[in-house]
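Student: Please model the entire structure based on the sequences and the hints provided.
Below are the chains, spelled out letter by letter.
There are 2 protein chains.
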Amino acid sequence: MQLDQLFSALSDTTRRAVLARLCKGPAAVSELAQDFDMALPSFTQHLRVLEDSGLVMSEKNGRVRTYQLAPQALKEAELWLSRQRSDWESRFNQLDEYLNKMKENRDV
Amino acid sequence: MQLDQLFSALSDTTRRAVLARLCKGPAAVSELAQDFDMALPSFTQHLRVLEDSGLVMSEKNGRVRTYQLAPQALKEAELWLSRQRSDWESRFNQLDEYLNKMKENRDV
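Quick note, the sequences are listed as chains A and B, same order. Here my numbering = 1-based position in the first sequence + 33. Here my numbering = 1-based position in the second sequence + 33.
Zero decoy hints are in this set.
Any copy will do: because identical chains look the same in the list, a pair fits if it lies in one copy or spans two.
Here are the simulated BS3-like cross-link-like pairs (lysine-lysine), alpha carbons at most 25 Å apart as the crow flies: (1) LYS108 with LYS57; (2) LYS57 with LYS93; (3) LYS134 with LYS57.
Calculated from the structure, these hints are not laboratory results.
Tutor: This is the structure in structure tokens:
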């Protein structure tokens, strides 16, 4: 399922740092890699996981591969979380209403 | 790092379904388990991962263990995502302003 891959891709510090960088604009592999103290094959493996999850896209011009954010996937992960929160909040509002009603009845 | 564990816990369909259920209110293990066609040891392993990540809490009364959402952790995951989106959006607004300025200069 797509959300499995999405959240799994987000569960790594390096990959989240790459995403945070790409949120500020596209970048070539070499530019991305210089921020990380990591062998290039390991680093490109992280980029592959991000691309497979749909969080980033890449294109190659000559010998340079450039990555950019695919914002829709980030949005979907956020949407799932905010939907759960809204369920949680509406439950709390219901509890709150209930307690207020109890209080009103007691005060009458 | 805590966000690693958080997103990793969210990367499984069963665990997300349990969270979605707990967003509607606390539930005992037996109540949670009945929605899933899964052996109890595998299911309780998922509950353990959720609890280790900080997304849920549990308490035991007699023989019944009850789980509830720990909303702060859900909020933290959402916050990370919304921060990235806001970087992405402000970059887009800057591009937009730049293009509008280009257009104005051309129209003068």
